[in-house]
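Colleague: Chain by chain, the residues:
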Amino acid sequence: MTVRRPPPVRLASPRFQIPIAMKTYRLLPLLLLALALPAQAQDAERGDLLITNATVLTVTNGTLENTDILVRDGRIAQLGQGLSAPRGATTIDATGRYVMPGIIDAHSHIAISNVNESTNPVTAEVSVGDVLDPFDVGLYRALAGGVTTSHVMHGSANVIGGQCETIKHRYGVLDPALLEMEGAPRTIKFALGENPTRVHGRGRNIQPSTRMGVEFVLREAFSQAQRYQEAWDRYEAERRTNDRAVPPAYHERLEVLADILAGEILVQSHSYRADEILMLMRVLEDFGVDRVTFQHANEGFKVAPELAAFGTDGAGASVFADWWAYKFEVYYSTAYNAAILTRNGVTASINSDSGELNRHLYHEAAKTQKYGDLTDDEALALITINPAKQLGIDARVGSIEVGKDADLAIFSAHPLSIYAIPQQTIVDGIVRFDIEADPDDVRLMTDPEEQVEAVTLWQGHDHDRCLEGTYDLVDFMTIYR
Amino acid sequence: MKYLATLLLALALAAPAAVAQDWAPKAEQGAFALTNARLVTVTGGVVNGTLVIRNDKIVALGPNVDVPADAEVIDATGLSVYPGMIDSGTQVGLAEVGSLPETRDFNEIGDLVPQMKALTAVNPNSVVIPVTRTSGVTTVITEPSGGLLPGQAALINLHGYTPAQMHVAGVEMVKLQFPTTGRRGWWDRRSEDAIKKDAEKALKKLNDTFDQALLYARIDSAYRANPEADRRPEYVPSMQALVPAVRGQQPLLISVNAARDIQVAIEWVEERGLENVVFSGVAEGWRVADEIAEAGIPCLVGPVLSVPTRQSDRYDRAYANASLLRQAGVQVALRTGETENVRNLPYHAGFAATYGMGTDEALRAVTIAPARIFGVADQLGSLEVGKKANLFVATGDPFETSTDVLHVFIDGYQMPMTNRQRQLYQEFLERRPGVEKHAEGAVETN
Amino acid sequence: MIPRLPLAAAALVAALAWLAPPAARAQADDAVPQVTRTFALVDARVVQAPGRVLDRATVVVRDGRILAVGPDAAIPFDAERIEADSLTIYAGFIDGLSHAGIPKPQEERGGQQDRPDDPGNPPNEDAGIQPDRDARTLLDPGDKSIEQLRKAGFTVAHTVPHGRMLPGTGALILLAGDDPNALVLDGETSLFAQFRPAQGMYPGTDMAVMAKLRQLYREAQRRQRVETLYAANPTGLDRPAYDPVHYAFFPVLDGDRAVFFHTQNALEIHRALALREALGFPLVLTGLAQSFMALDALRDAGVPLLLTLDLPEEKKPKKDDSDPDSTAGGAPVPPADSVHAMTPEAPGSFFISDQRTRSYEDVEAEKDRLEARVRFEREKYLKTAGWMHEAGLRFGFTTADLDKPEEALGNLRLMVEHGLPEDAALAALTTHPADLFGLAGNAGTVERGKLANLVVTDGPLFDEDTKIRYVFVDGQRFEMEEARPGAGGPATVNPAGTWSFVVASPDGDVEGTITITGSAGSFSGTINAAVMPGPVDLDDVTVSGNTLRFSFDAGEMGRIEAEATIEGDRLDGTLTAAAFGSLPITGSRTAGPDRR
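Protein chains in written order, with the numbering used here: chain X, 1 to 481; chain P, 1 to 446; chain Y, 1 to 596.
Pulled out of the complex, with its shape left as it was, chain X reads as follows:
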């Protein structure tokens, strides 16, 4: 029998026909992304809405009593009194209620399938944005706590971990790309101290096993990226005159690192101790990177003046309200951290890093009134405009201002009161949580073969969900109490 070679399974993808222009194809993903963005933006549902007679906590412009908020096409169109709803738009009577900007969680691991690619101390090329999971019920639970935006992060196993993604809690969408907050700056996770040294040093006997080693993993990675960039720049120059110029090897990891050095990716570094915070600031200064947010930064308060003085705008710190003592590097912590940072002029935020805490970040922020007497606006800023600044999205979200995204949380009482209950949470003008229409079963997907649903018992906070994906390497009990 003779069988002819079949005609190839061929796809007429016009993009595929883009000639492999040297070096320009490095930009190809970006170009494609740019092409793709408008489509995504169109797809993300935006709503019209009128909220009437609310106490509006703008965060940036004080409190407005008996105020209406008009939302058109997912944006805040007008603040004032006696506003009327556009035809067909929903009206929410918020008499006696408080409206604050949708809460922004600057550190989360929800809605992603992977947390750590823990096989190498540097994995800049991976991105949790590639593995978003819109079916995570955690998105809804956070909505029920007023959260509209989360910065979902790679874990802290590696000195330079993966890229992170800023998402909106558009729970109900099925396409993972629709969770992405379109236009949000790229961010990347770094990690200093105990976690990377435990995973790589003590887990595998490779550098780093000390904070000294962490510094040089960073310096080496950045130096390689500089040389990589130079090689491509040389090639770019050469090929103008030489059509036989040979392009240097392509390296996805170094591409990303080069982008960090070019200031295109915001560094978000897991860190606890004051010394390692200072170290990273030195390294970044040496490589010309002038924006960084320290995540956790339990000892940020010890170097608050240095944080405030970093770069042009200061370094940010995104901290816990009161977590401490779960490992040695957080033993000398204080719940006054956020207050000390704030008083020293550091842009501080309070994050969850937890699928439990992220449901009551308003309460976590309120703790700064017990621990450091922050004002209402200062406390609210910690979960709204400040994390927005740290993520480079403050022009879009983080306060109630005309022109900003209509990401709003409506509470039964002042959100800093323990008695406040979130009533509605609105993303892009769409009501994504409404306590009056709260379904009992919000799962978008269930196991078709699971006869009885699994019961998962709460075992206290996984303080190191950051280390998920590395548990084959580290003693369970060193992570879990």
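It is worth saying that the hints were derived from the structure and are not from the lab. Check each hint, because a few of them may be wrong.
Claimed, not checked - Some chain P residues flagged as far from chain X (calculated, every beta-carbon gap over 12 angstroms):
(1) Glu28
(2) Gly49
(3) Ala60
(4) Gly62
(5) Ala71
(6) Gly170
Stated by the list, open to error - Ranges between beta-carbon positions, derived for each pair:
(7) Y:Glu417 to P:Gln263: 34 to 44 angstroms
(8) X:Thr210 to P:Ala164: 34 to 44 angstroms
(9) X:Asp377 to P:Gln426: 16 to 26 angstroms
(10) P:Gln426 to X:Arg282: 23 to 33 angstroms
(11) Y:Asp134 to X:Glu236: 31 to 41 angstroms
(12) X:Asp377 to Y:Arg299: 46 to 56 angstroms
The beta-carbon is built from N, C-alpha and C at its ideal position, and this holds for glycine as well.
Put chains P and Y on the given structure of chain X with help from the hints.
Modeller: Using the frame of chain X, we list chains P and Y on its own:
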């Protein structure tokens, strides 16, 4: 925390001698009069007036109480006095730094080690303790964890320099980690069947253990009735430890969470004829609240701030659980399950209050309710004459984060209102030097 | 009390596990010779292609080709005549993606491999990056999967290597043949990819698999450029190193070979599409079990699709979990109209939203609802094929996720029952994959000149009671077992009786007996052998189709799992001890009710 700012100001203005004194302030016992106070007694309503402490006890309270001549007067105008809060499930003193095994003393090797006593391993000088008690939490259950019978929990006050000084009324309870059909966390990837099998195996082991304990108790009774008659029984410490529980002389603390497990536990308790048991955790208690109420088993519920046990559950189940149990008629006390953040007990109570329980009932669940469950209601849990002076003075509702706790008394000792977290605040709020070590223009010299 | 194997026996078995070559089957049955390669199926109903039916026609097959199809087709002198007036003839099915004929590698057994020295930079082979591997080099015509698929009506399969993220290139094979090369219709038909990270080394997660694929693809683009430059004029240029991994991408870069991306769930569908969006490779999506959650994306992508024939099992509530008072099974299944709108307010949403104040009083109702939810969820899988068809998506099928190929036809009928038109189902089995693989001139329909790949049934294919009587592959006839009750697969056998067995080992055969008693659902039994101190009870004795499974405790050896196929009074299978590996076992029935 407005009080602290005032305190700081006072410190800044104070004479050096005063600062030296404050460096390591000591707890003091004596006579104290809290005057013009709003006294939230819990058992007797709210009383405006004076509360007098002498030595370890409340000796007087009411609107027309005379201030004793020797009493230190604390003017509590505009302030509220509450009984010290009791956390019904913690590991305070048993762990210092979570990730360091050397500092973790709550989990002994072995599945059947009910003889292990948390009280033995409580570190009275744990940094956690002052951090906790300055929030108004004066008393906690601290408990071991691990296998089926991980040891004995103890009720302790958060002040004292020896475990004996901390121990409240000798309260100890053998803890039983009831075999569970639930998953222990996201990392628990056992199959449904494997979980079930493990639970069945554990239940059989539990029954065998209690059979032996009963036998041991019988031998023990026989021996004690006539100790000269024969040799001493075998030394079996685990069984010895279970004797008070099987005889009902001591409550058996049963940690159980999944609805199905709770039902099995109730059945087990009834089959065994155990009269004196307390449930702890009870995360899915609301699903079987009627059965728990019918069995008359008190519940130490919490953590309140936790996630629902099932993906399909409403988001607020954990917040509402305590309230739903209470509404069904279950005796409810609250627990945080925490170690270093037991200071958040008022906020766990606050969430329970907000999601259905109401402030008064939630307050009872962290004061008089646990006192009754642990059999110490004659000493703790409310502001009453003759009770121990475990109480705190606050600027308002202790469940609100804007409220400051200004004074804490434990066993009549006035607690120094400091802890390491506050000390770090004092040191670092305005750090010296700031960014520059020397003032600009100054010449650096070696 | 569990009897224990004596240590010597345990050691023996352990040694066998490591050393035993695939033992020769104890008795090779001599096949009855076939005297002609010409067949005439006379007076059959012939479904030549979807929608094209001859009610009464004869199909003549000679030397592997269809010689004639028609009411009056001449019957050659050397034909074996098959009276087919009660039979229906279809074109042989084409499996769009499987591992047919490729034995499962040993590494798939449990046990952790040694950790690599540098888990961040493991050798490509360990990391599962083997795009240069060719399915044709891995074929074993004796592999059980070939026969299993054939029994389900498949005659041609696109087969790909087992492995991790990039297991190799696929081949089109005939599902019958005596030597590996005879199976091959074509090679290098695809570059197979899947979201299957390496274990304990890079890429250890899906996100790293994606990053690695981008890296490989873009570096391949560069190397192709360098190759081109060098080929044009090597003077002055560094010689490009031999690099089979990157070179394997060149045909993909040229648009000559598609990446067949296997997806297990909706998220993987989106991820594969995102990679295609970023890199622009020709893509065929396979698996697609949850495509009901991604129909829009699939429609927009317009890539060829191969839908899994695997469906979720129907789980009945277990007895000990169900309350006798509960109305489990009676609760209404929520409407399944909407597959796109998933907000709580949307009509047809499957959010369950009318249990506002839930406490213990509602728990039973809750249980019913949750069970209804599971049933509803399963229905979505059953309806997916129909929904895809409605959405205008053309697709073929893949058996890659099907543990038991004998379930293929039964599952297909479920899909038809749930909305997939019969013609569309048949097209997905035949003409569509034939087009996809460029086989349209040679397979996919019952037409003169095409390969003699036929499925002959005793009734309409999608009827529940219809059985496959013959499958022709490349003109070779395979007669199926006499029809027994059951949907598509072999009927359930009764294993009861006494079996004498032999476990083949290099140190000699281990002989013994297995006794099985009881009836369906409650089998029990014992195993005994000369090397054992006495009979040991069998646990979990189950029969599914003609597959017998049981396990037993072997003392120090741990638990041994047995799986064997029963054909009449013969038994053929393996014994597996998790820690050691597998040994072949064969046996015959010496007594029992079903003994012939």
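Colleague: Compare the structure with each hint and give your call.
Modeller: Checked hints:
Residue placement check: glutamate 28 of chain P keeps its beta carbon more than 12 angstroms from all beta carbons of chain X (closest about 25 angstroms). With a minimum CB-CB distance of about 27 angstroms to chain X, glycine 49 of chain P clears the 12 angstroms threshold, and the non-interface call stands. With a minimum CB-CB distance of about 31 angstroms to chain X, alanine 60 of chain P clears the 12 angstroms threshold, and the non-interface call stands. For glycine 62 of chain P, the condition that its CB be more than 12 angstroms from all CB atoms of chain X holds, with the nearest at approximately 30 angstroms.
For alanine 71 of chain P, the requirement that its beta carbon stay farther than 12 angstroms from each beta carbon of chain X is met, with the minimum near 29 angstroms. A cut-off of 12 angstroms between C-beta atoms confirms that glycine 170 of chain P is not in contact with chain X; the least separation is 27 angstroms. A C-beta distance of roughly 39 angstroms is found between glutamate 417 of chain Y and glutamine 263 of chain P, which places it inside the suggested range of 34 to 44 angstroms. The given range of 34 to 44 angstroms is respected by threonine 210 of chain X and alanine 164 of chain P, whose C-beta atoms sit roughly 43 angstroms from each other.
Taken as a hint, the range 16 to 26 angstroms holds for the pair aspartate 377 of chain X and glutamine 426 of chain P, whose Cβ atoms sit roughly 25 angstroms apart. Taking the beta carbon of each, glutamine 426 of chain P and arginine 282 of chain X are about 28 angstroms apart, inside 23 to 33 angstroms as hinted. For aspartate 134 of chain Y paired with glutamate 236 of chain X, a C-beta distance near 38 angstroms keeps the hint of 31 to 41 angstroms intact. About 48 angstroms separates the C-beta atoms of aspartate 377 of chain X and arginine 299 of chain Y, a value consistent with the hinted range of 46 to 56 angstroms.
The structure agrees with every numbered hint stated previously.
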